[in-house]
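Enquirer: Work the whole structure out from these sequences, hints included.
Number of protein chains: 2
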Amino acid sequence: MVNDILLPLAPKGLTEVINTCGCGSSANENAYKVAFLHFQAKKRGKNPPTQQEIESALLNQAPGAPELAIVSFRRAFHGRMIASLSTTRSKALHKVGVPSFDWPIAPFPEIKYPYSDNISYNQAQEAQALEELEKIFKTYNKPIAGVIIEPIMGEGGDLCASPSFYLGIQEIAKRNDALFIVDEVQTGGGSTGKFWGHEWWGPRADPDIVTFAKKLQVSGLFMKPELRPARSNAISMYWMGDPARLLTLKAFKNVLETDGLVKKMDLTGKYLKNSLIKISEKYPIISNVRGQGTLQAFDLPNPELAAEFMKMLFSTGVTSGLCGERSIRIRPTLIFTPKHADVYLARVEHLASKAYAQHSKLVLS
Amino acid sequence: MVNDILLPLAPKGLTEVINTCGCGSSANENAYKVAFLHFQAKKRGKNPPTQQEIESALLNQAPGAPELAIVSFRRAFHGRMIASLSTTRSKALHKVGVPSFDWPIAPFPEIKYPYSDNISYNQAQEAQALEELEKIFKTYNKPIAGVIIEPIMGEGGDLCASPSFYLGIQEIAKRNDALFIVDEVQTGGGSTGKFWGHEWWGPRADPDIVTFAKKLQVSGLFMKPELRPARSNAISMYWMGDPARLLTLKAFKNVLETDGLVKKMDLTGKYLKNSLIKISEKYPIISNVRGQGTLQAFDLPNPELAAEFMKMLFSTGVTSGLCGERSIRIRPTLIFTPKHADVYLARVEHLASKAYAQHSKLVLS
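Protein chains in written order, with this note's numbering: chain V, 1 to 365; chain C, 366 to 730.
Treat the hints with caution; some may be incorrect.
[Stated by the list, open to error] Pairs of lysine-lysine residues, derived as DSS-like cross-links and limited to a Cα-Cα distance of at most 25 Å, are as follows: (1) V:42 <-> C:456; (2) V:46 <-> C:456; (3) C:580 <-> C:635; (4) C:629 <-> C:559; (5) V:253 <-> V:263; (6) C:647 <-> C:676; (7) V:43 <-> C:456; (8) V:215 <-> C:643; (9) C:507 <-> V:142; (10) C:408 <-> V:91; (11) V:91 <-> C:411; (12) C:579 <-> V:214; (13) C:643 <-> C:704; (14) V:214 <-> C:580; (15) C:676 <-> C:377.
[As the list claims (entries may be wrong)] In silico negatives: residues of chain V with every beta carbon more than 12 Å from chain C: (16) 4; (17) 67; (18) 134; (19) 174; (20) 176; (21) 177; (22) 258; (23) 281; (24) 287; (25) 301; (26) 338; (27) 353.
Just so you know, these hints were derived from the structure itself, not from any lab. Backbone N, C-alpha and C define an ideal beta-carbon position, used for all residues, glycine too.
Expert: Listed below in structure tokens is the structure:
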């Protein structure tokens with residue numbers, strides 16, 4: 001079933017799959033384990049672990065338990081299990097009080113949206129962030145086995161940069177012998193207008209590992225075949241396969257393909273984005289419209305107004321989510337069309353006009 | 366559904382439930398998070414986290430990411446996610462190459478089975494192990510927020526000690542302000558002859574947290590109500606509830622109750638154990654028969670013979686598992702009765718007689 005249902009969805013070149021339990025957190029933690037084992041295997045050459053490694057591992061000590069790191073980005077969300085929480089940077093509330101691996105944090109560029117209206121500013125921000133990432137590789141006090149990033153940072157505020165930024169990360173990771181891990185837990189499955197969010201980076205996109213969950217019904221990761229650990233059972237999960245969920249994935253895929261939903265997400269997303277931009281131009285209480293496909297978000301001037309706006313939207317029958325510090329994100333289902341978008345947009349426009357009339361000073365100041 | 370289906374299964378006093386994803390590893394990691402948050406909350410009194418805690422948490426640094434530990438036992442298996450792997454001690458293969466929290470390891474008593482034939486030796490072993498645990502609390506270089514143990518160490522070799530040993534751990538944990546966490550991922554659900562394995566410890570058993578997965582169809586933990594974090598969303602899971610799996614749990618419970626399977630597991634288990642002991646007395650190539658309910662295991666003289674014996678059993682149509690270094694464990698389903706046990710026992714006896722004839726020198730030496 002894994003071969004028939006799951007593997008055909010693999011991103012180009014990632015022909016191995018590890019199928020975990022159901023949550024994105026376990027998918028990412030397995031990606032980290034793959035990165036760590038691969039790093040150690042390269043170091044060791046063809047040799048098996050030494051006696052010293054075996055004995056120290058059971059005592060949670062180096063060299064068996066090596067000092068290695070995963071680098072993640074400011075505002076990233078990669079799950080809430082304890083090690084994945086060490087790479088999550090979106091909300092302190094998720095982290096306070098939980099012990100953490102001392103892993104480094106890279107800056108994410110402070111993009112102004114719409115991207116194309118602020119190109120040179122945004123490119124400078126991206127160049128600086130990449131420079132900082134490079135610096136972390138040079139100066140961090142332990143080897144870095146992998147870099148992880150979401151194509152769109154969901155929980156962190158629906159932030160996304162240009163394809164060249166992500167390709168820049170990829171280049172730095174590869175040059176520094178670290179795996180490039182793309183967390184597609186939220187972006188995988190079609191809502192960006194491509195099946196995988198990283199497909200928007202173009203033909204040069206070449207992640208070593210892509211993790212998934214949510215829309216894919218099961219969770220896990222796709223990886224390059226050379227990353228398979230030499231020792232069988234070095235990575236293994238009790239839920240390997242999870243046939244009942246694979247069958248729901250099969251049904252999901254059928255509908256996705258038969259109804260051409262991925263392409264429709266692209267078209268609906270473009271319509272949604274352009275319409276939101278128009279609203280934000282008319283009532284600039286809404287700003288920073290951004291996203292890919294129907295994964296769209298916009299900002300309000302401050303956290304309080306964002307919460308209030310979401311509440312007002314809810315009172316008109318629209319469920320949406322807060323993310324980042326002052327953003328509202330839209331997560332329609334895959335059968336959302338421009339007809340539905342119009343209902344949504346009319347309500348947003350109505351509320352934006354009201355809020356703008358009331359708070360325009362905030363925007364003009 | 367959680368209220369109707371899951372909560373009625375709660376061990377005495379553990380009236381709160383966190384329902385995770387499906388795997389035991391995530392159940393245990395959430396138990397550790399509860400222990401850490403509780404430890405920090407006690408330290409902080411009624412105050413919310415400080416600004417310094419909030420800022421340092423996002424950087425993976427103390428005090429927001431505190432230096433706290435969970436202590437586990439030699440040969441324990443608590444899962445393979447990265448933090449739960451720091452408490453797993455059964456096989457180096459599971460750990461080598463993966464970074465680890467520097468958490469301490471307590472010795473597990475080296476019991477001789479059957480327990481009742483070696484009482485004074487076993488009690489001395491248990492007393493010594495408890496003394497060592499106490500010493501870890503006194504000397505470890507960071508605070509210990511919790512102690513975790515399985516009622517029967519499955520992966521580690523189906524090892525179990527006397528109720529007073531587990532009650533001793535409980536007493537030491539409570540005296541040292543650490544939570545007593547019982548990992549019932551393998552033992553929960555009836556196969557020990559009680560619904561929860563720790564019920565065998567008698568009325569003084571008082572775990573703070575009991576984790577579950579496998580037979581319970583969903584995974585998660587039961588805990589005392591005072592352990593609920595003050596901040597809502599401090600612990601939260603995407604899969605909260607998982608209604609489809611809760612329905613399979615409902616069906617499972619119905620059969621369990623209607624057919625009186627837990628009691629039957631006790632009776633069948635006793636029959637199985639007594640019969641295996643008789644075989645081991647006749648053909649002492651088999652030794653150390655042990656277990657609770659139908660969770661039974663026995664040893665062969667060395668790992669090679671254990672692997673060979675398992676293979677021979679398989680060739681007669683019996684699937685079993687290796688555990689520990691030289692043990693074979695039996696994991697029949699909950700509808701296993703003495704009638705089925707007889708089929709199994711006849712094959713074990715036949716093979717034991719053959720193996721004993723061939724290798725009796727090994728036993729006598």
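Enquirer: Work down the list of hints and note, for each, if the structure agrees.
Expert: Against the structure, the hints:
| no. | hint | in the structure |
| --- | --- | --- |
| 1 | V:42 <-> C:456 | holds, 22 Å |
| 2 | V:46 <-> C:456 | holds, 21 Å |
| 3 | C:580 <-> C:635 | holds, 21 Å |
| 4 | C:629 <-> C:559 | holds, 10 Å |
| 5 | V:253 <-> V:263 | holds, 14 Å |
| 6 | C:647 <-> C:676 | holds, 22 Å |
| 7 | V:43 <-> C:456 | holds, 22 Å |
| 8 | V:215 <-> C:643 | violated, 54 Å |
| 9 | C:507 <-> V:142 | holds, 22 Å |
| 10 | C:408 <-> V:91 | holds, 22 Å |
| 11 | V:91 <-> C:411 | holds, 21 Å |
| 12 | C:579 <-> V:214 | holds, 21 Å |
| 13 | C:643 <-> C:704 | holds, 17 Å |
| 14 | V:214 <-> C:580 | holds, 24 Å |
| 15 | C:676 <-> C:377 | violated, 42 Å |
| 16 | 4 | holds, 22 Å |
| 17 | 67 | violated, 6 Å |
| 18 | 134 | holds, 20 Å |
| 19 | 174 | holds, 21 Å |
| 20 | 176 | holds, 18 Å |
| 21 | 177 | holds, 15 Å |
| 22 | 258 | holds, 24 Å |
| 23 | 281 | holds, 34 Å |
| 24 | 287 | holds, 25 Å |
| 25 | 301 | holds, 23 Å |
| 26 | 338 | holds, 30 Å |
| 27 | 353 | holds, 33 Å |
Hint compliance for this structure: hints 8, 15 and 17 are broken, all remaining hints hold.
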